[in-house]
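Q: If you read the protein sequences in the order shown, they are chains S and P.
According to this note's numbering, the first sequence holds residues 22 to 134 in order.
According to this note's numbering, the second sequence holds residues 149 to 262 in order.
Treat the hints with care, since some could be wrong.
Quick list of the computed label-pair ranges, beta carbon to beta carbon [stated by the list, open to error]:
#, chain 1, residue 1, chain 2, residue 2, range
1, P, 241, S, 84, 24 to 30 Å
2, S, 48, P, 157, 48 to 54 Å
3, P, 224, S, 24, 41 to 47 Å
4, P, 155, S, 93, 41 to 47 Å
If we take Cβ atoms under 8 Å as the criterion, some of the chain P residues that face chain S in the derived model are [as the list claims (entries may be wrong)]:
#, residue
5, 156
6, 191
7, 194
8, 197
9, 201
10, 209
11, 220
12, 232
13, 235
14, 246
15, 249
16, 250
17, 253
18, 254
The following residues of chain P were derived to be distant from chain S, with all beta-carbon distances above 12 Å [stated by the list, open to error]:
#, residue
19, 149
20, 154
21, 186
22, 190
23, 193
24, 206
25, 215
26, 229
Since the hints were derived computationally from the structure, they do not count as laboratory data.
Think of the CB as a built atom: it goes at the ideal place given N, C-alpha and C, for glycine as much as any other residue.
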Amino acid sequence: SAVISQKPSRDICQRGTSLTIQCQVDSQVTMMFWYRQQPGQSLTLIATANQGSEATYESGFVIDKFPISRPNLTFSTLTVSNMSPEDSSIYLCSVYEGSETQYFGPGTRLLVL
Amino acid sequence: EDQVTQSPEALRLQEGESSSLNCSYTVSGLRGLFWYRQDPGKGPEFLFTLYSAGEEKEKERLKATLTKKESFLHITAPKPEDSATYLCAVQSVDGGTSYGKLTFGQGTILTVHP
C-alpha cells in the first residue's frame, strides 16, 4: 500500500489565522481526498483533489474556507482559512490505490484557540 | 443520501471472549463496504473491502461478512492489542462528482481486557 505522510502532525493556532496542511504520497496516485474528523465524530469528506482539475467540494464545504492545491500526482495541500475554534479537528488525506481501496495518512491534529 | 449506523457504540470484552460488531447501511447502490481500524492519535488503517452480499473476508482474528443491509465484523478470541475504534464506511456506485467518497459510521470503540 501507498505510504502517506502529512505535515504538520499537530498544531495550535490562533483564531483568524490560516494553516496549510501538506500530504505527500510515495507513489503516483490520481485521486486524493481530504477528510475531517471532529472531536468524538467520524470522518466527513471535505473535497476530492484530482491532479489537473479543480477540487470538488462536498456540501457544507467551500473553496474560500478550504482551498486545495494538487500540483502533481504525489502531493496535495489543504488550507484551513480564517480559523475559528469550530475548526479544531483532525484533518486526514487519503488516496486511492489499485483496487479502489482508500488508504489514509496519519492525520493533522489542529487546535484553534 | 448514504447512511451508515454502527452498533454498539462501545464494547468491552475479556481476552478470548468472541463477539461481533454491526454496521447497518443505506445506499442507492453499493460499490463497496469498507472496514477500518483506528488507534488513538492515528489515521484509519484499512482492514477489508466487501463488494457483494454473501462475501466474507478474514484477517487473523477478524472476519467480515456482508448482507444487502448490514455487515458484521466478527472478532474471535480477541487480545488486548485488538483494542481500537473500528470504522465502517460505504461507497456508492452513484458517486457523480463525489466518485470515491466514503460515508463513515460513528465507529465502535472496542476494549479488550487481559
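Q: Against chain S, with CB atoms and a cut of 8 Å, does the hint on residue 156 (chain P) hold up?
A: violated, 15 Å
Q: Closest CB-CB distance from residue 154 (chain P) to chain S, is it above 12 Å?
A: violated, 9 Å
Q: Using the Cβ atoms, figure out if residue 241 (chain P) sits within 24 to 30 Å of residue 84 (chain S).
A: The hinted range 24 to 30 Å holds for residue 241 (chain P) and residue 84 (chain S), with Cβ atoms some 27 Å apart.
Q: Could one say that the CB atoms of residue 155 (chain P) and residue 93 (chain S) fall in the range 41 to 47 Å?
A: Cβ of residue 155 (chain P) to Cβ of residue 93 (chain S): about 42 Å, so the range 41 to 47 Å holds.
Q: Quick check for students: does the CB of residue 193 (chain P) sit more than 12 Å from each CB in chain S?
A: violated, 8 Å
Q: Given a hint of 41 to 47 Å, does the C-beta separation of residue 224 (chain P) and residue 24 (chain S) actually sit inside it?
A: About 30 Å separates the Cβ atoms of residue 224 (chain P) and residue 24 (chain S), which means 41 to 47 Å is violated.
Q: Holds or violated: is the Cβ of residue 206 (chain P) farther than 12 Å from all Cβ atoms of chain S?
A: At roughly 17 Å from the nearest Cβ of chain S, residue 206 (chain P) sits farther out than 12 Å, so the non-interface label holds.
Q: Can we keep the residue 220 (chain P) interface hint, with Cβ of chain S closer than 8 Å?
A: violated, 19 Å
Q: Have a go at the residue 246 (chain P) hint: is there a Cβ in chain S nearer than 8 Å to its own Cβ?
A: Hint on residue 246 (chain P): holds, closest Cβ of chain S at ~7 Å, below 8 Å.
Q: With a cut-off of 8 Å on the beta carbons, see whether residue 235 (chain P) makes it to chain S.
A: Status holds, d = 7 Å.
Q: Quick check: does the Cβ-Cβ distance between residue 48 (chain S) and residue 157 (chain P) fall within 48 to 54 Å?
A: violated, 36 Å
Q: Could you check that no beta carbon of chain S comes within 12 Å of the beta carbon of residue 215 (chain P)?
A: holds, 21 Å
Of the numbered hints stated above, those contradicted by the structure are hints 2, 3, 5, 9, 10, 11, 12, 19, 20, 21, 22 and 23, listed in ascending order.
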